[in-house]
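Got chain A sorted already, so can you dock chain B onto it with the hints?
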Amino acid sequence: MATKRKLPDNPNSELVDFLHELADYEKNVSRLIHKYNAYRKAASSIAKIDHKIETIKDIKGIEGIGKKIEAKIEQYLSTGKIKKLETNRGDETGAAINQMTRIMGIGPAHANKLVHQEKIKSIDELRSHPKRDQLLNKTQQLGLKYLEEFEQKILRDEMKQMETILLREINAIDDQLKAEIVGSYRRGAAASSDIDVLVTHPTATILPSLLHKIVDTLTKKVHFITDTISIGDSKFMGVCQMNASKLHRRIDIRVFPSEQYYCALLYFTGNDLLNRQMRIVAQEQGYKLNEYSIQKVGSTGVLSKPLPVTSEKDVFDYLQMDYKEPNQRNM
Amino acid sequence: MPLINFRNILSCSSEDRIHCAENLLKPEQYKKWLSSKGSDEHITCIIEFEKSSLISSIDIGNDGSAFIELFVSRSSSSKTNDWTLLLPATLLMTPNESRSNINRNQVKLLKSSDLNSICLNEKWDRLKIICEQKFNRLNQFGLCFIKLYSPSSLADETNQSELLKKSSIIIDNDNDDDETGKEQRKIGSFFAKKQAEKNLKPSEPSASVQIRALSSVADELLSRKSMDDNEIQTLLKKDVKNTPNRLSKRRMSDELESSINENEIKRSKTQDKTKIMKNIVFVLSGFQNPLRSELRNKATTMGAIYNDDWDETCTHLICAFPNTPKFTQVKQTRKGFIVNKQWILDCYKQNQLLSEKNYELKGSNNNSNIIKKDKPNRISEKNPTKIMNFDDDNEEEEENEEYHLSKDVTRKTPIKKKMLTFDDDDDDEPVVSKNIKQKPQTKKKITTFDDDDDENEDSIVPKKITTSDNDDVYNAETDEDEPETNKKIFELANFFHGKHFYAFNDDFNDNTLRDIRRIIYAYDGILEKQTTSDVQYAITNRLWNQEFEKISKTNPEIKFLSLDWLQDCHDENKFVPCQPYLIVP
Chain A
1 MATKRKLPDN
11 PNSELVDFLH
21 ELADYEKNVS
31 RLIHKYNAYR
41 KAASSIAKID
51 HKIETIKDIK
61 GIEGIGKKIE
71 AKIEQYLSTG
81 KIKKLETNRG
91 DETGAAINQM
101 TRIMGIGPAH
111 ANKLVHQEKI
121 KSIDELRSHP
131 KRDQLLNKTQ
141 QLGLKYLEEF
151 EQKILRDEMK
161 QMETILLREI
171 NAIDDQLKAE
181 IVGSYRRGAA
191 ASSDIDVLVT
201 HPTATILPSL
211 LHKIVDTLTK
221 KVHFITDTIS
231 IGDSKFMGVC
241 QMNASKLHRR
251 IDIRVFPSEQ
261 YYCALLYFTG
271 NDLLNRQMRI
281 VAQEQGYKLN
291 EYSIQKVGST
301 GVLSKPLPVT
311 SEKDVFDYLQ
321 MDYKEPNQRN
331 M
Chain B
1 MPLINFRNIL
11 SCSSEDRIHC
21 AENLLKPEQY
31 KKWLSSKGSD
41 EHITCIIEFE
51 KSSLISSIDI
61 GNDGSAFIEL
71 FVSRSSSSKT
81 NDWTLLLPAT
91 LLMTPNESRS
101 NINRNQVKLL
111 KSSDLNSICL
121 NEKWDRLKII
131 CEQKFNRLNQ
141 FGLCFIKLYS
151 PSSLADETNQ
161 SELLKKSSII
171 IDNDNDDDET
181 GKEQRKIGSF
191 FAKKQAEKNL
201 KPSEPSASVQ
211 IRALSSVADE
221 LLSRKSMDDN
231 EIQTLLKKDV
241 KNTPNRLSKR
251 RMSDELESSI
261 NENEIKRSKT
271 QDKTKIMKNI
281 VFVLSGFQNP
291 LRSELRNKAT
301 TMGAIYNDDW
311 DETCTHLICA
321 FPNTPKFTQV
331 KQTRKGFIVN
341 KQWILDCYKQ
351 NQLLSEKNYE
361 LKGSNNNSNI
371 IKKDKPNRIS
381 EKNPTKIMNF
391 DDDNEEEEEN
401 EEYHLSKDVT
411 RKTPIKKKML
421 TFDDDDDDEP
431 VVSKNIKQKP
441 QTKKKITTFD
451 DDDDENEDSI
461 VPKKITTSDN
471 DDVYNAETDE
481 DEPETNKKIF
491 ELANFFHGKH
501 FYAFNDDFND
511 NTLRDIRRII
521 YAYDGILEKQ
531 TTSDVQYAIT
541 NRLWNQEFEK
551 ISKTNPEIKF
561 LSLDWLQDCH
571 DENKFVPCQP
581 YLIVP
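In order, the protein sequence lines correspond to chains A and B.
This note's numbering applies: residue 1 is where the first sequence begins, and numbers increase by one.
This note's numbering applies: residue 1 is where the second sequence begins, and numbers increase by one.
By construction, these hints were calculated from the structure, which means they are not laboratory data.
Honestly, I wouldn't trust all of these hints.
As the list claims (entries may be wrong) - A few chain A residues that don't get close to chain B, going by computed Cβ distances all over 12 Å:
1. E54
2. K119
3. D314
What the hints assert, rightly or not - Listed below are the simulated BS3-like cross-link pairs for lysine-lysine, each with C-alpha atoms no more than 27 Å apart in a straight line:
4. K134/B <-> K305/A
5. K134/B <-> K313/A
6. K134/B <-> K324/A
Unchecked claim - Not everything, but these chain B residues come out facing chain A in the computed CB check (under 8 Å):
7. P88
8. L91
9. N96
10. I130
11. N136
12. P577
13. C578
14. Y581
15. V584
16. P585
Don't be surprised by glycine CBs; every beta carbon is placed ideally from N, CA and C.
Here chain A stands alone, though its shape is the one from the complex:
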């Protein structure tokens, strides 16, 4: 979900990208999270500047840029390159670690361990590693197994077909069940990276059992779900495949009681920038908004009970924002 975004028309986008790359290196390879944060902060400060930075004077006094980062920017401005970045890019271990983090369920720590302790230098090495099953847990093994497939986008056409199957099977279980595919698909995107399904039912108490029933049906009856990563009372994570000729896809199914459904629908439809913007507006207007509810913040900071919400529009109404159709939510 958290793919980094940059404003497309930023005059300094190249510099911002450099800073993000440096940041990621610090996070994944050196595992210095504070350096990572420092680069990110600098990047976002520069992203706010609306003119092209020509000389180092342009960024004097900007928040989040200290001496060291300033020096790197100066280097970039004068040579068009950053030495550290070049070194990083040439660093074999660094590249290997970055490779490992592509796998679902492997973060920088685990990637470092694999590269440094086990001396694994590539995905292929990991795949053929004799101790593979001990090195990776179930999720990571699935991530490794389907790595390339998961990285393929799902075209809207295929999403539509999967939606048909999902809704048909879910409605057959209980006609009071309501389900929707959220995420970029709901926003009208031409291609999506995974499938995110929200489900609700008027009777909140039977939701966990309904979730299990849905997963059971989709696994055994229509063989849509191929693997289960995890399943609890409110969330299923797994892998699905529409038919043998199609790729394996990541699928999440979440159930929400009806009073939380529309806040969840709004949140999981996104996009993340709209969510962030709405949370900021909520804060300004004296509300607290999250994926479960919207609450009024009282004059002493005490939260009200969740406010009644019967549609996504209700949330916009509380925040006095104009309603945005899902396809207008690509900020």
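Relative to the frame of chain A, chain B by itself:
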């Protein structure tokens, strides 16, 4: 639960010149506090109590605010701004309601579980109210009233339980009933009083309240073997002053009546529960869960159909108190019954359809004439022998009523004199009919009362009501109940038996629709509220159109007929062949 009295307003951030914050001090007056025009989106008001009190529940009558927050403090506190949260921000109106300025006057009843538990065990003497309305900056906003209650003191509790014990000897006490009754009393008290206030005209004392008070005293008397004058006096006063009590007593007496009065039982044939309310389409207004669902379930169990909103098909509005938006809406349509929830509960308990008369809501009596005309809605089940005049009251009973009525009225006159200062709404109809219903024991009660009461009264007893304004009311009422001219009974044919009808509501005006309903019900037809697949005959005044086409696709059996057909069926008193009246493409 005693009401906490307010002493004065300590501060107020914004108030209207007329609707000032001072109005909140006397919640019985129901004068509102509104922000001044163009005020901030928050308005604050600090009220001081007469004495330091525990707070256990709160009633809030909204007037256009979206949110409310309440804080409490003590004047003895050393810090100046030492407010403790009593009620976290609470929604009174949604953004949509606020923007369109609808449902401004909803009432919120808050129990101790809704309040900050830290506050409950301490005494407080100041209340800070913060109202917020930022969805609509054009309208003034504020509160209609706010009432704080202390927990019942120990003495009160014993009193209450005693009373309960006593009443349970006589009536089969129903627990959930009691629960719902409490709520009714609470809500009812405010609106009934408000109504009373509105109708207060010094020159026109209404007898109804006294009669009601008297009969409830009589009820009380029935339950106690002996009682001295003082007790009666206090009881009487309490009853007149205290509408909630009155309501509960009334309910008690209704129950009493059902258990005692044999005639009543004889009249009511116990029916199959699922058919008691067949053909009744009801709407609920002003009830919150769990009461709301209880009422809905009970009514639907009895065969009634629940509707979210009032439309042409609805026959009954079950209303918690007057002044709800639906109440106003239904009143304006001048159709259908507006009754309190006790009607459903009693019908359910007694397993029979009871007359709405005793349950009509305060303030709805203006409609009573019109309402009455709607009665044939149910005629088919209530009375197997159908009476042409569409009045389902039994003849014999009417005569009885007349007899008792005159007795009752005579008997009650003295009390009217005595309590001239008390007044109530002009809701006479239910009272009268109540007395009618009470028959034997009403008489008995009165006698008891007279015996126990002071001589003052005896001196006035001989005086007949002749000049009283109320005379007219009674006459009018009697006329309604006993249409002498229509006493002839016709056996109605049931040529519509088992046939399902639908009338396109938009095609006809209300009067015509009412006639359509009457005719259909009169001849034992079933009027559906939607074009379901059961519908065989749809009454319209339009030519063939797309809507008909659509309907006939899903229901090929349906026949679209002009109103003339129904009229001719009625005129010829038989099932006239439809062919000439068919509306076809």
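Hinted contact I130/B with chain A - closest CB pair below 8 Å | holds, 6 Å
Classify the hint on N136/B as holds or violated, based on whether any CB of chain A lies nearer than 8 Å to its CB.
-> Because about 11 Å separates N136/B from the closest Cβ in chain A, which is outside the 8 Å limit, the hint is violated.
Is the straight-line distance between the alpha-carbon of K134/B and that of K313/A 27 Å or less?
-> holds, 17 Å
Let me know if the C-beta of P585/B comes in closer than 8 Å to any C-beta of chain A, holds or violated.
-> With Cβ-Cβ at 35 Å, over 8 Å, it is violated.
Over 12 Å to the closest beta carbon of chain B is the bar; see if D314/A clears it.
-> D314/A is in fact no farther than 12 Å from some Cβ atom of chain B, at 7 Å.
Minimum Cβ separation between E54/A and chain B greater than 12 Å?
-> holds, 45 Å
Do the numbers back the hint for C578/B, that is, is its least Cβ distance to chain A under 8 Å?
-> Violated. Min distance 37 Å.
When the nearest CB of chain A is found for Y581/B, is that gap smaller than 8 Å?
-> The hint is violated - Y581/B has no Cβ within 8 Å of chain A, the shortest such distance being about 40 Å.
Chain A contact restraint on P88/B - CB to CB distance below 8 Å = Holds. Min distance 5 Å.
Report holds or violated for the interface hint on L91/B, using the least CB-CB distance to chain A and a cut-off of 8 Å.
-> This interface hint holds because 6 Å falls under the 8 Å limit.
Against chain A, is N96/B within 8 Å by beta-carbon distance?
-> Nearest chain A Cβ about 6 Å off; hint holds.
Mind checking the CB of V584/B against every CB in chain A and telling me if the closest is under 8 Å?
-> Because about 36 Å separates V584/B from the closest Cβ in chain A, which is outside the 8 Å limit, the hint is violated.
Hint compliance for this structure: hints 3, 11, 12, 13, 14, 15 and 16 are broken, all remaining hints hold.
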